[in-house]
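> This is what each chain is made of:
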Amino acid sequence: MNEQDFKDNIEEWLSATLDKNLINKKGPKIIRDPVHGIQRFFGWEINFLDLPIIQRLRYIKQNAFAYLIYPGALQTRFDHTLGVSILTEKFANILRKKGFNDLDENLQNNLRIAAIFHDVGHGPLSHLSEEVYSQLDVIQEILTKPEFVAVKQNVKTHELLSYYIIKSDKLKELFQRANKCYPKVSFDIDLISESIIGNVSDLKRKYCQDIINGSFDADKLDYIQRDCFFTGLIMGVDVERIFHAIIPKDNGIKKEIALDISGSHNIEQLLFNKLLLHPSLYHHHKVRACTCMFKSIFEIVKDKDLAIDGKKFDNPVDFLEITDDFFFSYKDKPSVIQPHIKNLRNRVLFKRALVICGDFLNPVNLSTIKSYKDFLKWIEDPEKIRDFRRLICDKVKDITDYDVWLDFPKPPSLREASQCSIQVREGEYKTLDELFPTSGWLNTYLEHKIRGYVFCPPIKKIRERVHEISRKILKDDFNIELTEDCYHQCKIR
Amino acid sequence: MYEISKELLKDKEQKLLTEQDRKRIITSFKRINDDDRILLLLSHIEGREIVASKKILHTAFFKLKENYSQHFKNFYFTTNENYPFCKRVDDIFFRLQNCRALSMKNPTYESYLISDEVKEMIRDEVRPKIEEEDRNFMGDLSGMISIVKEFLEHHE
Chain Y
1 MNEQDFKDNI EEWLSATLDK NLINKKGPKI IRDPVHGIQR FFGWEINFLD LPIIQRLRYI
61 KQNAFAYLIY PGALQTRFDH TLGVSILTEK FANILRKKGF NDLDENLQNN LRIAAIFHDV
121 GHGPLSHLSE EVYSQLDVIQ EILTKPEFVA VKQNVKTHEL LSYYIIKSDK LKELFQRANK
181 CYPKVSFDID LISESIIGNV SDLKRKYCQD IINGSFDADK LDYIQRDCFF TGLIMGVDVE
241 RIFHAIIPKD NGIKKEIALD ISGSHNIEQL LFNKLLLHPS LYHHHKVRAC TCMFKSIFEI
301 VKDKDLAIDG KKFDNPVDFL EITDDFFFSY KDKPSVIQPH IKNLRNRVLF KRALVICGDF
361 LNPVNLSTIK SYKDFLKWIE DPEKIRDFRR LICDKVKDIT DYDVWLDFPK PPSLREASQC
421 SIQVREGEYK TLDELFPTSG WLNTYLEHKI RGYVFCPPIK KIRERVHEIS RKILKDDFNI
481 ELTEDCYHQC KIR
Chain H
1 MYEISKELLK DKEQKLLTEQ DRKRIITSFK RINDDDRILL LLSHIEGREI VASKKILHTA
61 FFKLKENYSQ HFKNFYFTTN ENYPFCKRVD DIFFRLQNCR ALSMKNPTYE SYLISDEVKE
121 MIRDEVRPKI EEEDRNFMGD LSGMISIVKE FLEHHE
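Chains Y and H, in that order, give the protein sequences. Reminder that position 162 of the first sequence reads as 162 in my numbering, one-by-one numbering, no gaps. Reminder that position 7 of the second sequence reads as 7 in my numbering, one-by-one numbering, no gaps.
Keep in mind the hints are simulated off the structure, nothing from the lab. Treat the hints with caution; some may be incorrect.
Distance condition first, Cα-Cα at most 20 Å in a straight line; then the derived EDC-like pairs of lysine to aspartate or glutamate [as the list claims (entries may be wrong)]:
#1 Lys-395(Y) x Glu-13(H)
#2 Lys-410(Y) x Asp-11(H)
#3 Lys-333(Y) x Glu-3(H)
#4 Lys-10(H) x Asp-303(Y)
#5 Lys-119(H) x Glu-46(H)
#6 Lys-395(Y) x Asp-90(H)
#7 Lys-274(Y) x Asp-91(H)
#8 Lys-460(Y) x Glu-3(H)
#9 Lys-331(Y) x Glu-3(H)
#10 Lys-65(H) x Asp-34(H)
#11 Lys-410(Y) x Glu-7(H)
#12 Lys-475(Y) x Glu-19(H)
#13 Lys-331(Y) x Glu-13(H)
#14 Lys-449(Y) x Asp-91(H)
#15 Lys-23(H) x Asp-477(Y)
A few chain H residues facing chain Y, derived, Cβ under 10 Å [stated by the list, open to error]:
#16 Tyr-2
#17 Lys-6
#18 Tyr-76
#19 Asn-82
#20 Asp-91
#21 Glu-132
#22 Asp-134
Virtual Cβ for every residue (Gly too), placed ideally from N, Cα, C.
All chains, full assembly: derive it from the sequences and hints.
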């Protein structure tokens, strides 16, 4: 599949899902959001929110299977979309008040549309399925295109899908229809799509990108608050204070958002909480176990060349056609994946059989350092992880390589600290990391907190055996010896 | 109770790894990679401490790519921000830190430390492998070292 096939598939999906008659005159609505309170949405926004491709976000959980660990974490991508739209409006109002006069009502409306569409490219279970489809060849090919290479470090695969959805002919048709129904709103598809991937070409409008995909954008301000609210994790983000500190920065070439120094510690709080959410939520061992179990299902589909409802999941659009509920009916699925779906559905999850961390190296000598260095690089390749799993499962009776996983979550980033411009005095700016050593937090975290896991079925005998075998393989074949902590932290009882 | 697919278990019995498969897997992990090359470069910095903020570090690698693009083909830089940024550089430093080849200086955790022992290990084990597998890199090494040194000293 090449980029053109991919585009055609998106058009096909959208044509089957959307009809231009879906856009018609509608009145405004008042929506109550649990995080941000009451907000008015205009008629034209309701039209877009009512589109089936946006409504499907109601059936995609924001934090995938995190609700199996935090029962309250049932928030969806749709709730989050509303939240981002609400905060985008606040951002725009403040910037206009503070002197960005070209941020008129029309531009503000376009930013709200960008907020509504920013997550439209998410597949089932949000970032979980993204870990699967981002490995597909067509995605890797698109990411090497010159227009994406410049932003390759930032652009996430679901944002890329949102970008292509908005740029599609079908969406153009809908926007044209909306222009006719609501003549006061003029939709700028390029600005909307570029804001979403964080690459606005007109530098005079860089602040649009800052609001939708920037260092302290509406997305981040919403998801950190929302994830804490629904999981019950006690962390705060002082959004109102951040808004008070926002200032427009215009050097004649580029117009962007900066922050007065009085609000810098509120951004530090935001970033610190983002970091803390990793061990508590995003990298929680149970959340990672669910991720691995989910990935196993797609490995089986691929290995066995299966099709489910005609989908082989070798195309990113296959993921757009389904939502979370797809994984909770197992009787209609091929028998070979039924047990895997059942395990997830019944919350019979993988457990830890080995915990791997630099602090557990035994002994820390040059030979171990060298081997561990090679190992960390080696497992960058998903195929090598598969090989490692094969080595383990070969020696353990009654499990397959789909039942054992080696998982090293991607390290978090606090890159925002070097992107966030702080005004230290009139007209003089520094980045947040020049003012405060935020990279020190990240480095400490990376050195001591990040963990890799070997997961396996939650059966004591199997866990003991997988522990013994994986530890032996690491020692004998990879020259990596671990201390007893690698066992104790598994809590095998 | 955790359920295991009987069908997949049957498959497993027929597809057990051969000794050759095992060898292929284990030997594939010892190939020279970008992490080794970067470590070799860093080992030539005098002293134990590498004082480099993210800005300095990424900009130094950007300069390296400008001058020696053939060795940094997979290093993509974003150039529309405060400094040229490459995620690959961050990933490499994370791994080197995680395996304890580099450590962070307490209490700020802002500069990297590379011990004499690690430098020795690089000289004795990493360097000979690169010499064997990547002669082009070795040919350009002294030029690259002087860029890194100049850059780090100038921006200290």
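> Now, for every hint given, state plainly whether the structure supports it.
Verification of the hints:
1. Lys-395(Y) x Glu-13(H): holds (11 Å)
2. Lys-410(Y) x Asp-11(H): violated (32 Å)
3. Lys-333(Y) x Glu-3(H): holds (15 Å)
4. Lys-10(H) x Asp-303(Y): With a Cα-Cα distance of about 15 Å, the restraint between Lys-10(H) and Asp-303(Y) holds, given a limit of 20 Å.
5. Lys-119(H) x Glu-46(H): holds (11 Å)
6. Lys-395(Y) x Asp-90(H): Between Lys-395(Y) and Asp-90(H) the Cα gap is close to 36 Å, so the pair fails against 20 Å, i.e. violated.
7. Lys-274(Y) x Asp-91(H): holds (19 Å)
8. Lys-460(Y) x Glu-3(H): holds (14 Å)
9. Lys-331(Y) x Glu-3(H): The hint holds at about 15 Å.
10. Lys-65(H) x Asp-34(H): Holds, at roughly 13 Å.
11. Lys-410(Y) x Glu-7(H): violated (33 Å)
12. Lys-475(Y) x Glu-19(H): holds (18 Å)
13. Lys-331(Y) x Glu-13(H): violated (26 Å)
14. Lys-449(Y) x Asp-91(H): Status holds; Cα separation ~16 Å.
15. Lys-23(H) x Asp-477(Y): At roughly 9 Å apart (the allowed maximum being 20 Å), Asp-477(Y) and Lys-23(H) satisfy the hint.
16. Tyr-2: holds (4 Å)
17. Lys-6: holds (8 Å)
18. Tyr-76: Since chain Y brings a Cβ to about 5 Å from Tyr-76(H), closer than 10 Å, the hint holds.
19. Asn-82: holds (5 Å)
20. Asp-91: Given a least distance of 8 Å, the restraint on Asp-91(H) holds.
21. Glu-132: Given a least distance of 16 Å, the restraint on Glu-132(H) is violated.
22. Asp-134: violated (15 Å)
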